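Colleague: In the order they appear, the protein sequences are chains E and P. Quick note: the first sequence uses our numbering, first residue 405, plus one each step. Quick note: the second sequence uses our numbering, first residue 405, plus one each step.
If you are wondering where the hints come from, they were derived from the structure by calculation, not from laboratory data. Please note that the accuracy of each hint is not assured.
Intra- or inter-copy, both count: the list cannot distinguish identical chains.
[What the hints assert, rightly or not] Simulated crosslink set (SDA-like; lysine to any residue; CA at most 25 Å straight-line):
#1 K546 - L572
#2 K721 - S557
#3 K546 - R592
#4 K718 - A548
#5 K688 - F535
#6 K497 - K546
#7 K743 - N573
#8 K721 - D655
#9 K726 - S557
#10 K546 - D595
#11 K585 - P555
#12 K546 - Y593
#13 K743 - S557
#14 K546 - R511
#15 K688 - P580
#16 K498 - V700
Since this is a predicted model, take the numbers as computed values, not measurements.
Protein chains: 2
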Amino acid sequence: MSNTSINDNEVDIVIAAINSDLEPFMNEWRPVFSQFHLIIVKDPDMNGELHIPEGFNVDVFTKSDIDRVVGSSTSILFSGYSCRYFGYLVSRKKYIISIDDDCIPARDTNGDLVDVVAQHIANLQAPATPFFFNTLYDPYRKGADFVRGYPFSLRSGVTCALSCGLWLNLADYDAPTQALKPGQRNSRYVDAVMTVPVRSLMPVSGINIAFNREVVGPALFPALRLAGEGKLRWETVEDIWSGMCVKVICDHLGLGVKSGIPYVWRRERGDAIESLKKEWEGVKLMEEVVPFFQSVRLPQTAVTAEDCVVDMAKSVKEQLGKVDPMFARAADAMGDWVKLWKSVGSSSPGV
Amino acid sequence: MSNTSINDNEVDIVIAAINSDLEPFMNEWRPVFSQFHLIIVKDPDMNGELHIPEGFNVDVFTKSDIDRVVGSSTSILFSGYSCRYFGYLVSRKKYIISIDDDCIPARDTNGDLVDVVAQHIANLQAPATPFFFNTLYDPYRKGADFVRGYPFSLRSGVTCALSCGLWLNLADYDAPTQALKPGQRNSRYVDAVMTVPVRSLMPVSGINIAFNREVVGPALFPALRLAGEGKLRWETVEDIWSGMCVKVICDHLGLGVKSGIPYVWRRERGDAIESLKKEWEGVKLMEEVVPFFQSVRLPQTAVTAEDCVVDMAKSVKEQLGKVDPMFARAADAMGDWVKLWKSVGSSSPGV
Chain E
405 MSNTSINDNE VDIVIAAINS DLEPFMNEWR PVFSQFHLII VKDPDMNGEL
455 HIPEGFNVDV FTKSDIDRVV GSSTSILFSG YSCRYFGYLV SRKKYIISID
505 DDCIPARDTN GDLVDVVAQH IANLQAPATP FFFNTLYDPY RKGADFVRGY
555 PFSLRSGVTC ALSCGLWLNL ADYDAPTQAL KPGQRNSRYV DAVMTVPVRS
605 LMPVSGINIA FNREVVGPAL FPALRLAGEG KLRWETVEDI WSGMCVKVIC
655 DHLGLGVKSG IPYVWRRERG DAIESLKKEW EGVKLMEEVV PFFQSVRLPQ
705 TAVTAEDCVV DMAKSVKEQL GKVDPMFARA ADAMGDWVKL WKSVGSSSPG
755 V
Chain P
405 MSNTSINDNE VDIVIAAINS DLEPFMNEWR PVFSQFHLII VKDPDMNGEL
455 HIPEGFNVDV FTKSDIDRVV GSSTSILFSG YSCRYFGYLV SRKKYIISID
505 DDCIPARDTN GDLVDVVAQH IANLQAPATP FFFNTLYDPY RKGADFVRGY
555 PFSLRSGVTC ALSCGLWLNL ADYDAPTQAL KPGQRNSRYV DAVMTVPVRS
605 LMPVSGINIA FNREVVGPAL FPALRLAGEG KLRWETVEDI WSGMCVKVIC
655 DHLGLGVKSG IPYVWRRERG DAIESLKKEW EGVKLMEEVV PFFQSVRLPQ
705 TAVTAEDCVV DMAKSVKEQL GKVDPMFARA ADAMGDWVKL WKSVGSSSPG
755 V
């Protein structure tokens, strides 16, 4: 990586605890995480005691914290994978990194441990280039540059707001794909990161992600909840929905989104065939969702992420609300999220 | 690679001979090229005898062939790197692959020789996915797939018309970049190919390229010629210009463009500092060219690549012609190219 200077005080690592025993997970990540502050949010649906090993700088939040801070007068649910968003809300740091608790550090093609924090922060600190595609990937990486024909006026780039990492071993496929190819594992380490071009939509996965909280924090929220949402990744679409919103918002605000390294190693979990019944609901919704996000335009008056989410929620309600009540509920949750973000953000640090 | 079945009779390899001694080049490529038909076009500016080793199925075209087929009543110049386009014109094959004569085969991360033909043809035969970004790169590659959230209605993809390969060792930088970083060499082998999203422009390099001639052949032409154009890659922009045209045309026709593997190993050539005087002209032109191509729209009546080039030429003349006479000449060359393509294409095979 290029020379990334990380200020430990600028980073929060947010972990959604879906399983009570975090010991194996935390011990695997110890060399990467131990110097940073961790926010662990316990799935409010989960009973049982959390097991967290010694030696970490960690704040744990549970259902009682969520109830105290958020109250019951909101349409936002923090259960299951969505509990991480409570961590986003109470963080006061510039950068947030969030990794699912079924992932461990990957190794690169040299066999070296991938430092997911350093690579995400490098992605966020180097500019993004959404307005013209560079065929040699990230032009700011060591050993790379802009290729012949790349306009000089676009070479300074824009602020990168979101860094989407990838997965080795069990990739983030949907239940149908996983059920059709039960033996499929991702073993290709692609040593690249790139800016996803402006107006190009993508499926943002919440498994391995980092973002500049100060710039786009309000645009990462748990808004779209499937009726049959479960405790497996392929039974959720909350990150996909939020990812579409944040990409459109970044495009509108002139910010960049990157995809590629760092990788995590994702362990097996769940029975894809069992999940198929639930998953089709999410799959069908995408056919309505994508044309909406491809055509939605935000007004010039929307100049912050908060503004954009409020305007986006209005469009969701008007255009998708009539298609399925799930979308109307998502719109309400987006509005409530911005209110929460403002009220919690103005309270004292650490909540 | 996935199981690519290549019909030898569907492939022409086109080589622009800028140097008279092609022996080292051809011998390096023998394991990859020898089963295919080669079209070698000798730079009409070059004197000296071409040296081509035995054992290839090759047709050589020289200045006298160009004069006979094209005549003098055209604004198109086939000198220097542009001589390859004469090969595109006289080919009758479905696929064309073109590699600069200062490149030799690369090796992948396992040390295996890269089969540039097999990889380019695999890129062209597998669908492209320009309407939604797949974070795991080409979903049709062995071991890859569409990730969770990718709309099922977009998973069948569209025809891939153009495959843009990359370069190890000496990358395709412009003269200023090369002059500023004289020691910079590209050593990162990124094992990926992806579709460049719709409406995202890119700097197409002619160094290592393949395309479906039947679909987009008319859109690859030598139209924009710099006043000080030279015999070094960084002194040319003809491929960058044509690449912008072909990308806009693919977007309009619902075709795909891929970028990534295969790599070639590019050898040193030329003195970047010497070229700087010439290159700035091309660099400055890009600032006019990019906004034009980002905003140009083709009419619904344009349903073939020929139609699109004719309409594009009109827009170039109207909108860029007044900026610089070079653009007006490019527009004329584009019109002449379509006429040539139609007349030469309707003549007997092999011309």
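Colleague: Now look at each hint and say whether the structure bears it out.
Modeller: Hints, verified against the model:
1. K546 - L572: both (23 Å within a copy, 15 Å between copies)
2. K721 - S557: Between copies, since 24 Å is at most 25 Å while 39 Å is not.
3. K546 - R592: both (21 Å within a copy, 10 Å between copies)
4. K718 - A548: Intra 42 Å, inter 37 Å, cutoff 25 Å: neither.
5. K688 - F535: So K688 and F535 pass the 25 Å test across copies only (18 Å; inside, 31 Å).
6. K497 - K546: neither (27 Å within a copy, 41 Å between copies)
7. K743 - N573: Neither, since 39 Å and 53 Å both go past 25 Å.
8. K721 - D655: within (21 Å within a copy, 31 Å between copies)
9. K726 - S557: This pair counts as between: shortest inter-copy Cα distance 21 Å, intra-copy 44 Å.
10. K546 - D595: For K546 and D595, both the intra-copy (12 Å) and inter-copy (18 Å) Cα distances are at most 25 Å.
11. K585 - P555: between (43 Å within a copy, 18 Å between copies)
12. K546 - Y593: both (18 Å within a copy, 13 Å between copies)
13. K743 - S557: Result: close neither inside a copy nor across copies, 38 Å intra and 36 Å inter.
14. K546 - R511: Both: 19 Å inside a chain and 21 Å across chains, each within 25 Å.
15. K688 - P580: within (12 Å within a copy, 50 Å between copies)
16. K498 - V700: Neither: 29 Å inside a copy, 40 Å across copies.
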